[in-house]
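> The lines below spell out each chain.
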Amino acid sequence: MIEVTDLSFAYGKKEILHHISFHALEGECVGILGNNGAGKSTLISCINRIKKPSSGNVAVNGKNINSLSCRQIARHISYVAQKNELCRTTVFDSVLLGRKPYFKWTAGKEDIRLCDEMLSCLNLSAHKMRFIDELSGGEVQKVMLARAFVQEPKVLLLDEPTNNLDPKNQYEIMELVKQAAEEKKITVLMVLHDLNLALRYCDKFMFIKDGCMHAYGDASIVTSELLRGVYAIDADIVNIDNKKVVMIG
Amino acid sequence: MYQFGTHTTYQGYIRYNCGAVLMMSLLLLAVVLCSLMTGSAGLGLTDVFLALAGKGSSMAETVLWNVRLPRICTAVAVGIALSLAGCMMQNVLRNPLASSSTLGVSQGASFGAAFAIVFLDAGLYAESSFFTFSQSWLITLCAFAGGLCTTAVILGLSRLAGVSPAGMILAGVALSSLFMGGTAIIQYYADDIKVASVVYWTFGDLGRTGFGRTGIIFLASLLAFVFFYCNCWNYNALESGSNTAKSLGVQVDRLVVATMVAATLIASVAVAFVGTISFVGLVAPHISRFFVGNNYRFLLPCSALMGAIIMVMAELVSRTAVSPSILPIGALTSFLGAPVFLYMIFKKGGVK
Chain A
4 MIEVTDLSFA YGKKEILHHI SFHALEGECV GILGNNGAGK STLISCINRI
54 KKPSSGNVAV NGKNINSLSC RQIARHISYV AQKNELCRTT VFDSVLLGRK
104 PYFKWTAGKE DIRLCDEMLS CLNLSAHKMR FIDELSGGEV QKVMLARAFV
154 QEPKVLLLDE PTNNLDPKNQ YEIMELVKQA AEEKKITVLM VLHDLNLALR
204 YCDKFMFIKD GCMHAYGDAS IVTSELLRGV YAIDADIVNI DNKKVVMIG
Chain B
8 MYQFGTHTTY QGYIRYNCGA VLMMSLLLLA VVLCSLMTGS AGLGLTDVFL
58 ALAGKGSSMA ETVLWNVRLP RICTAVAVGI ALSLAGCMMQ NVLRNPLASS
108 STLGVSQGAS FGAAFAIVFL DAGLYAESSF FTFSQSWLIT LCAFAGGLCT
158 TAVILGLSRL AGVSPAGMIL AGVALSSLFM GGTAIIQYYA DDIKVASVVY
208 WTFGDLGRTG FGRTGIIFLA SLLAFVFFYC NCWNYNALES GSNTAKSLGV
258 QVDRLVVATM VAATLIASVA VAFVGTISFV GLVAPHISRF FVGNNYRFLL
308 PCSALMGAII MVMAELVSRT AVSPSILPIG ALTSFLGAPV FLYMIFKKGG
358 VK
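Those protein sequences? They're chains A and B, same order as listed.
Heads up: the first sequence runs through residues 4 to 252, numbered per this note's numbering.
Heads up: the second sequence runs through residues 8 to 359, numbered per this note's numbering.
Simulated from the structure, these hints should not be mistaken for lab results.
The beta carbon of each residue, even a glycine, is placed where N, CA and C say it ideally should be.
Watch out, some of these pointers could steer you wrong.
To be verified - Some chain B residues near chain A, calculated using beta-carbon distances under 8 Å:
(1) Ser-184
(2) Asn-243
(3) Ala-244
(4) Asn-250
(5) Ser-254
(6) Val-257
Stated by the list, open to error - A few chain A residues facing chain B, derived, Cβ under 10 Å:
(7) Ser-48
(8) Ala-77
(9) Ser-81
(10) Asp-239
Please work from the sequences and hints to get the whole structure.
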């Protein structure tokens with residue numbers, strides 16, 4: 004479970020996030036939505052202190068992360084960035100980095116076993132000794148998820164996890180995330196732009212506008228009026244098989 | 008050569024990389040032995056071993072202990088120092104072109120040396136065809152101070168003005184140009200002998216140091232290597248970007264500053280003792296990446312060994328190409344390094 008209280012962030016005097024508060028339960032997937040530049044990625048970065056918030060608290064399972072070291076935070080919260088910087092590193096080494104917060108000196112047998120298991124779980128075993136910069140976009144994103152999962156986090160932060168992926172890979176990635184959230188009881192906060200993908204996979208929705216939380220709740224809050232207020236677009240919401248679908252235009 | 012997909016297990020991959028480090032160590036040993044045997048005195052392998060053990064002829068011992076070994080040891084130490092510095096600068100600045108020469112450290116050191124030679128009268132005097140610097144320690148200290156000044160300005164910019172790693176490279180280019188301009192002005196107002204001294208110093212010369220100074224370069228490099236190696240997983244994490252590294256528990260800002268200080272210190276020590284030697288710090292890590300990828304557990308020792316191999320080879324060529332004259336080592340490293348670098352850039356997948 005994660006509880007964010009009164010979180011604000013500013014670049015110098017320019018305030019980017021204004022007093023954001025919310026909580027999410029374990030196993031829940033929260034979609035963070037809003038226009039470009041609204042502050043979604045900044046919010047994610049402030050939660051695990053990649054960026055230092057100007058005020059506010061984040062508590063994971065009741066433990067305030069302000070009192071934790073970087074290494075301890077990494078044992079509670081894992082993160083997949085919007086852009087993956089790819090270098091000449093093997094897939095296995097990339098995934099093994101997820102165990103870094105647990106290393107004593109270097110990777111132990113248990114770390115290697117966990118990575119092997121995770122790679123076979125995500126059907127990546129065949130690629131484990133390949134260099135990561137030779138993989139397709141979908142495979143790279145799976146490797147990043149594998150790294151985030153072996154961190155054994157309580158909270159998983161995903162910044163546009165389906166960015167630049169084809170529809171098949173988008174759904175594969177989202178299925179993996181959803182499955183992990185349910186099975187490992189991880190709270191997932193993910194920045195998404197695809198409203199239908201969010202409606203299909205998220206339990207809660209947070210709409211950010213100009214650095215403020217515009218709305219937060221379950222699927223019932225997603226209405227045409229809300230979307231007009233956040234994105235300034237005309238959209239119809241229709242029900243197909245008891246699931247909401249957004250039709251724009 | 009690294010064949011992708013040939014390792015099916017992690018243990019196989021680790022064995023391959025350990026093998027690569029071992030092979031490079033053996034190659035360094037072979038190059039050092041070859042260099043010890045080659046020269047106008049014409050020593051055989053047995054002569055070299057006997058002289059090393061103190062049981063050789065007096066001529067062999069004199070040539071080995073007074074001429075060849077000090078130069079070769081310095082070449083190894085400087086190669087290790089410059090390549091380690093280049094390797095780590097490329098990592099923390101997230102720029103494959105980072106090295107002590109592209110960041111202005113070498114140019115800062117040259118400016119310091121020029122200042123000492125021209126204004127503090129630490130210049131050389133000529134004894135027939137040999138050059139000797141009258142106050143070489145003063146030149147070394149000023150060169151070291153010049154290198155450190157560059158480091159201080161770059162780090163100050165990064166900490167106070169929040170300049171990005173890419174901006175730090177640009178700051179290095181600007182500082183290089185500033186120091187080169189400063190050196191040119193100093194030379195313009197100096198007399199002929201002093202100008203010759205400055206130019207001679209910037210050529211780079213392995214013969215200036217004795218075992219004592221080489222020992223200082225070795226010690227500085229060893230301490231830096233231990234620090235770098237203790238942080239190798241942090242550097243691996245940094246390869247995925249600073250945000251990802253932070254999310255994996257790395258204190259990125261602190262690590263970048265500490266690494267830059269250590270890297271520029273060893274580069275400054277090396278340049279201060281032997282003069283400007285470019286390209287080794289840039290090219291050795293890239294050649295090593297070709298064999299062991301970007302895993303710093305193996306890249307660090309491989310880069311150090313590769314830097315030493317390049318320097319010993321350059322030293323050998325400098326001594327033997329137009330014997331009995333000794334060519335400037337700095338020019339030779341660029342001569343040997345540039346074609347290799349160009350080959351790697353244009354060969355698909357060579358430098359990433």
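> All hints, please: hold or fail.
Hints, verified against the model:
no.	hint	result
1	Ser-184	29 Å, violated
2	Asn-243	6 Å, holds
3	Ala-244	5 Å, holds
4	Asn-250	5 Å, holds
5	Ser-254	4 Å, holds
6	Val-257	7 Å, holds
7	Ser-48	7 Å, holds
8	Ala-77	4 Å, holds
9	Ser-81	7 Å, holds
10	Asp-239	37 Å, violated
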